Structures are given as structure tokens and as C-alpha cells.
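Asker: Model the full assembly from the supplied sequences, consistent with the hints where possible.
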Amino acid sequence: MDLLLLLLIPLLAGLLLPLLPAGSPWVRRGALAAALLQLLDGLWLWQHPPAALSANWLPRLGLRLELGLDGLTMPLVLLAALLTAMAVMASPVDQSRPRLFFALMLATNVGLIGAFLARNALLFLLAYELILIPTTLLVATWGGERRAGAAIRFLTYGAVSGVALLAAVLALGWLQPGGLNFSYTALADHNLTALQQRWILALVLLAFGLKLPVVPLHGWQPITYSQAPTPVAMLMSGVVSKLGAYGLLRFGLEFLPDAWAAWSPWLAAVGALSAIYGSLNAIVQLDMRRLVAYSSLGHMGMLLLALAAATPLSLQGVIAQMLAHGLIIALLFCLVGLIELRTGTCAIPELSGLLNPQRGLPFTLGLMLLALLAAAGVPGLAGFVAELLVFEGSWVAFPWPTLVCLLASGLTAVYAIRLFNRVGFGRLDNERADWVSTSWGERTPALVLTALVLVAGLWPSMLTGFSETATAPLALRSSDAVTVIAMAPATVNSAQLPA
Amino acid sequence: MTATVASERIKAPLIPPSTHRYADVIHRLEAGGSMLPDTPENLKQIIGIYKAYAVPMDFYWRDLLYIAERVFLNPLPAFKYFISQEYLDRPNSYAGDQSQLRIWRGGEKVHPELLEFMERGETGRMSKLFHHLWHDRVNMEFAEACMQAMLWHQGMGGRFNDYLESDAYKSNADRAIKAYFKGNPLMLGLYALFPDMFLEQVRQLSYTANLGLFWEVMAPVFFEMSDIYDEGGFKGVPDAMDFLVNGIFAVAGRPIYHHLYIGDECYEIIPKSEGFTWLYEAALPYVEAVFYRTAPFRGTKSYNAQAGQVPADQADFHYGILYADVFPVGSAGIPPTLLMQDMLHFLPPYLKEIYREHRRGEEDELVQLGITFQRSMYNVTSAVIQALRCALLYPLDDTNPEHLMANRRFFEAQMDRFLRPEARLPDIQSQDYR
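Here the protein sequences come in this chain order: Z and B. Okay, so the first sequence: first residue is 1 according to my numbering, each after it adds one. Okay, so the second sequence: first residue is 1001 according to my numbering, each after it adds one.
In short, the hints are calculated from the structure, not lab data. In this text the structure is predicted, and so the values were computed from the model without any measurement.
Beyond 12 Å from chain B on every Cβ pair, some chain Z residues (computed): (1) L11; (2) A33; (3) W46; (4) R60; (5) L61; (6) D94; (7) A164; (8) L175; (9) P312.
Sample of chain B residues facing chain Z (criterion: CB under 10 Å; computed from the structure): (10) D1325; (11) R1360; (12) E1365; (13) V1367; (14) Q1368; (15) G1370; (16) I1371; (17) D1427.
Partial selection, computed: residues in chain B whose CB lies under 10 Å from chain Z: (18) R1359; (19) E1363; (20) D1364; (21) L1366; (22) D1432.
We treat Cβ as the ideally placed atom computed from N, Cα and C, and that holds for glycine.
Answerer: Written out as C-alpha cells, the structure reads:
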């Protein structure tokens, strides 16, 4: 029941919100209350690990209501709950069509939490597909000028991802020796041949590579992130993309370890390519949202590298990077949203002098500098811990791709300084600078995220403590990468993972 | 020599309209107006800021004279901004009952608002030293920046700057230096080794005295303008400008000098008998150096003023208040933060009300104040331009078209200085520029 509450709170709130009178301030407050309540429930479950839940739903199809929390999913559930709350707070007080907007935001949250809690591949698939619908509607209805194109592209890529995942899940289920069973426990304990594993892994890579995304499957990302309304961009970049990394970890690394080990050099290369491609593109962007989007693409490349390396340290880095990047990217989108709200533009050439203490947005720009430094992996901030684990863990397995990713990480500082220099300094245009400063209410989500980025940087176990024991059994290589641990069917299943 | 521009306003144009880019402004000047448009809010803004400027200026002129006449070459002038009671109580030479030549009201003593601020500052009652270290005081650094601008630029007309190189001046300075360091073999020894260095410092102090004497006149002018406005006296911006023009002519002949006092003894470094006068040796160089040029540093480029490298070419200098951009971080121009911070303490309520109603209200008062100051200084510059036209050219109501064309050429030449893109003249034409 404790686990179900995580789902029921946003689900019920999402269903009840449209019943409130139009224009009622309680719509936004209700959505925020639901998200905060879910976060509190998540924190309580962190301290009091719940028992797994298992119940029949559609047994003939192999669909069971199997829910559970472990060291991999606990931090992601908390991240999803936190970023939902922050996204609701970051939405404007006078949000247009608030009932539908917040209902869709909560529906996205239900899908995310459902996917993370699922212990059944078919259930995961249902939750995964559920996310696509509200996010597409959110982009299509409340997005920027090119929202229609962005929504169609997001939907198309999402549908391909869904179809690929469906095929992979069905293949995994149907090829079970014990009959149709989509339970994670069963999926981890299969007798698939190497060829079968590789075919299925190809589908898994397509599905989650699109979601993450990585080069060359990233076509939807820059336009969608740049056109999505700020709260939606926060949620999509902060959590939805992490679902891709989680899917690769669960369906690729855990269920198909042999194929994963065989293809890991190629995956590392793709990760390095994504990292450098994302960083180089970020440098030349003239729009802040697109810059942040390409920055995210670069960091997702580093995630893939760490997943490919699959050493105990790199897998800790994966979880740490998912959390750190989730916080940092949401913070960046939140701040970009604030700047856009005040100045009316995200175009870098149109903005300058925003650090002006009297007429600019010095507080917002100050936080942005901190977020950019965190993204660049400056010590003392969340990004440093995560990237250090990723690089140190991956170096032993794939030194060259790691070097490329290190270079890409260094380039983060280039686009960060370039952005800050252009937007923060120079002459503030008096014609444009006729705006009021940001209110404390608007700053709150950015402040909360900044505080967490700082705390995580100074207290790294906040990022790694969740996953230290949960990721170790998934490692394919030892820490020195000399020994390949898992070249046989997986012997570790999720039930064995410590909570 | 007093002139009233209002009475000279022309009725019908005898010459064709100007084709200058600032033709509207030129026609306004030809009609006896100011570069600043005549609107009730502009009038309220400039008078309000004159009042806010006059209070710290009342400190500036006293302390500048104190530094030039008393602190002089003190090698450790740490307390030069701790003005003596004598200079604080010094009656203004042109205002009040005790003045040598009473032209304006008040001025017997330092302004009460200034005294109150010196006592409490922003923070509260505490030792003078803490107020100083906390920068909770009148920022004399601004006044010194203006003085240094006048010293650095040089060659802005008049005879004052040339006199600083004359043998007479060197001889007077030498006498003063030796008297000041009498009984101090170390400093006298240094003077013997590096006489030019000491002389250069005295030249700077002569400009300090020059600026002090200039502002001694301007402070009561601004106070009185504020009083007249409060009494309902000014009907528009041109009235305020006329008052300034009349003020300029009233004290145009005021002697500019530099005296050093050691005890009761006076050493005349620049004696009054040299005939330097307020308008040509102080007012005009001040407007040129401070309103137009200001700091002779442009980005990473700097000049050695002592080596005479500061060019007179105006294209190199556009940092005065007439061009100043109050927006960039670490702005150029008259150190806006210091002067604006000084004026902020003495804003009249009606000006605060205007600021509250626009932009970010109290949050960006400093910027709004800076722009108001810019407007007000365009009005002062207009007064100077009109005064120069009065002195050098023809009345505005002259019926001779050739004379009017000469006036036109003069005005157009003045406006040419605002053709460069940094000039704020087009901005102040709009009330929305805040």
C-alpha cells in the first residue's frame, strides 16, 4: 500500500483537479500539494523500505501488478517526485488552462513513478507509454512558436521507441523457458542464446537510445526541449530522459549482460560521440534553451559511456550522474525559463548585461553561473562527484572514449563561460530592460535545486549512498577491468538487490 | 552682463529651418529653450536632482578648499576628508548675509541636511572614522575624479592651465612647498631630489582649489532653484535654464585663485591678481572635462597625462555624463555609483515618488536617479551654451538674418558633439528614458 500511495497521490490529484472551478488558485496549489505529498511519502519509504507488492492484473497476458523499490529506483523515484514539485512551482501563477496543464503534469509523474516502481516488464511498458501522451500534449498545447513541429517529432520518436520496447519486452517474455512471464525476476534468469540476446539488445538500445537520447537518435531533443514550456522541459530533461538510462541499465545490462558486454566498446564509442557532439553543438548555439538541450545530450553521452564500462565504480557514477544531471539540468531550464519570462527571449545575441545589479537579473544569473559550473564538473558541486565516478570508473575499461568524454566535459566550461559572458556582461539595453525583478516565489524552485546541487557536491554520499550496493552486482567488469565478470546468463536478479 | 534668454525668444523665423540631425533641438535652443524638452515632469526631475546634488556639493566645495588650502602636500593625507570645523562653518562667498557679495539666499553655514547626514549617515550615530571606513559618508572620491579630469585633459581654453607652467607659478609653489615643509629635512630633501614631482602635486591642488571655488558658486544656485520651485516659481524648463544663465553671468568674474594657509600665514600660489575668472577658468573647463570627456582612459587604453599624451581629440573621449551609460556593469563615465549614492540620501519626496512609480521603483532608484542627473546636466550644458552664445554671438531676437545664421552655426557646432552614438541627447528627448 505504501508503494501504491506513490502512484495514487498524483493519480487521484490529477483526476480531481479538473473538477475544481476554472481559475481557482487551488488547482496549482493542489498539484503542488500532491507532488510534495508524494515526495514526503518517498522520503518516508527511503527510511522505511517497503515490501514488494505483487498482484495479478491480467494473468493471461503475463501482466502482474508487481511493484518494488531498490537501490536503483529509490533515488530516481525521489528525483521524479522532487522535480515534479519544482516544475509545478516553476509554472506561472497565471498558468493558462491550469486544470488540464497540471492534470497532464501529474499524469506524466504517474507514468514516471510507475515505470520506476515496476517489477514487471509489461507494466513498465504501460507506464513508459503513458508518459508519451501527456508530455506530447503539454508540448503541443503550451509550447513555444514551433510547438506543433516539436510535439510531432517528439511523438514520432517516442512511438518508435515504444514499438521497439514492446518488441523487446514481448521477445523477452515469449522466450522465457517457463512460459509467458514478464516479471523482472524471470527475465533476469533466462536461457537466451547470444544471437537472441543481441537482437533483443538492438531493440532495447533503439528504444532507450531514443529516450535518453544519444547520437544519432537525438533528433527530437533540441527542438522539444527548446519549445516545451519551462516546467515540462524541467521534467523531461530532469527525469524522463533518465528513464532511458534506467531502461538501459535494467533491460540491457541486467537482462542481457552477454550481448551488452560484447557490444560495450561500440556503446562506449557512441557515448563519446554523443558527449563531444553535444558539447560542440552547445558552443555554437544562439538560443539558451537549445544550448542547455545540447549540453544535456553531451552529458547523456557520458552516462552511456559509464553504462558501457559497467564497472562497479562507473555504475555508481551512472546513478550519481542521473541524480546530479537531473538536478542541474532542471535548474538550468528553470533559470532559462525565468530569464525568458522577464526578457521575453532566450536568444543569446539579444541579451546582455543581465548581471547589472540595478536593472538586470543578477540573482538569476548568479544561480545560472553556479549551475553552469556544476554542469562543468567544478569541485564542490554535484556534477564533480558524478563525473569523477563516471570517468574513473570508465577509464579502466575504455580509456580513449573516456578521454573524449573528458574533453567534452572540458568544453562544458567553454559554452558555460561563453553564455555567461554574452548574457551576463556588456551593455544592458534600456529599451528591453523594463521588467521587474524576479520574486522570491519564482526563485524558490531554483533555490531549492541550487541548495541540493551544493549539498550533493559537499556531501557526495547523497548521490552514491543509494546505489553503492545496488549497482555492484550488475557490474560486468571488475574495477581494474581485467576480469569480465558476467559473460554467462545473468545470475543476479532484482530481488537480490538490496533496498 | 546679466542676460535673460526668455526675453530674447524670437517670434517668427527669419532663417530657413535647420537640416541638422538635431534640428528640433536646435530650433528649441534658438527659441530660448533647453536641449531638454519642456515638460512638467522634466522640470520636476531636474529641480529635484539639483537639490539632491547641492547638498553633497556643499560638502565637496568645502572639503576641496580644505584640501587645497590646508592639507596641501601632507604625505599621509589619510584624514583629508575629515573636514575641519572652520571650513564646515565657512560662509559661502556669494550666498547669505555674511557673504562678500550676496547673490543667493542661504549659505551662511553648511546645509542642515548635510550636517544631519554627517552625524548619522545611513547606518546611525557612530564615530566619524567608522562612517568613513564603512563608506557611509559623502564620497569625496567623486569630487577628486572630477578634479583629476580637469587636470588631465588640460588645454580646454582659458589661461589657467598655461599659468601652471609659468615661472611665476613655479616660484610661488616653491615658496609654498618650502614653507609647508619647514623643519622637515626629509621632505625638503625629497623636494630637492624630485622637484617636478612636488610641483605636479601642487598643480593638482591648484585644480582642487579651482573646482572648490567653482562648486562654491553652484551649490547655492541649486539650493535656490529648489526653493524657488517649492514656492511655485518656475513654470518650465527654460525658466530653470534662464536662472542658470543669469547665475553664470552674475558670478562670471569671480576670481579663481589658490591660497595655502600655514597657521595664520597665507601663501598665494595663484594670486587673485592674476585675474583668473570663474566662467573662463573654472566653469567652461569643468563642463568640457566633466560633462563631455571625463576619465582619459578608454577600456584597456590609457594615457600618461604627465607626459602630455592625453589627446585633445574628442573622438577619444565620450565618458562624460552627457554620454554616460548607466547600465553596463562597472560603468564608465562620472563614477555613477559614488555620485548617485551621494545624491540618493538627499532626494526630495516628489522625486522619490516619481521613481517609485516607474521601472523597479525603489529597487533601481540609482539608475533612475542617474538618468535624471543626465537630464539635469543637459539643462546645465544648455545654459552654458546659451551663456556662450550671449557672450560671443548675438541675441536670439536679433533681426539680422546673418546674425541669426551665426547663432545657428554655433548651435549646430555644439550639437555636432552629440552626433556620436554614445550621446544621450536623443534619449532624453523621450520621457520613457528612465
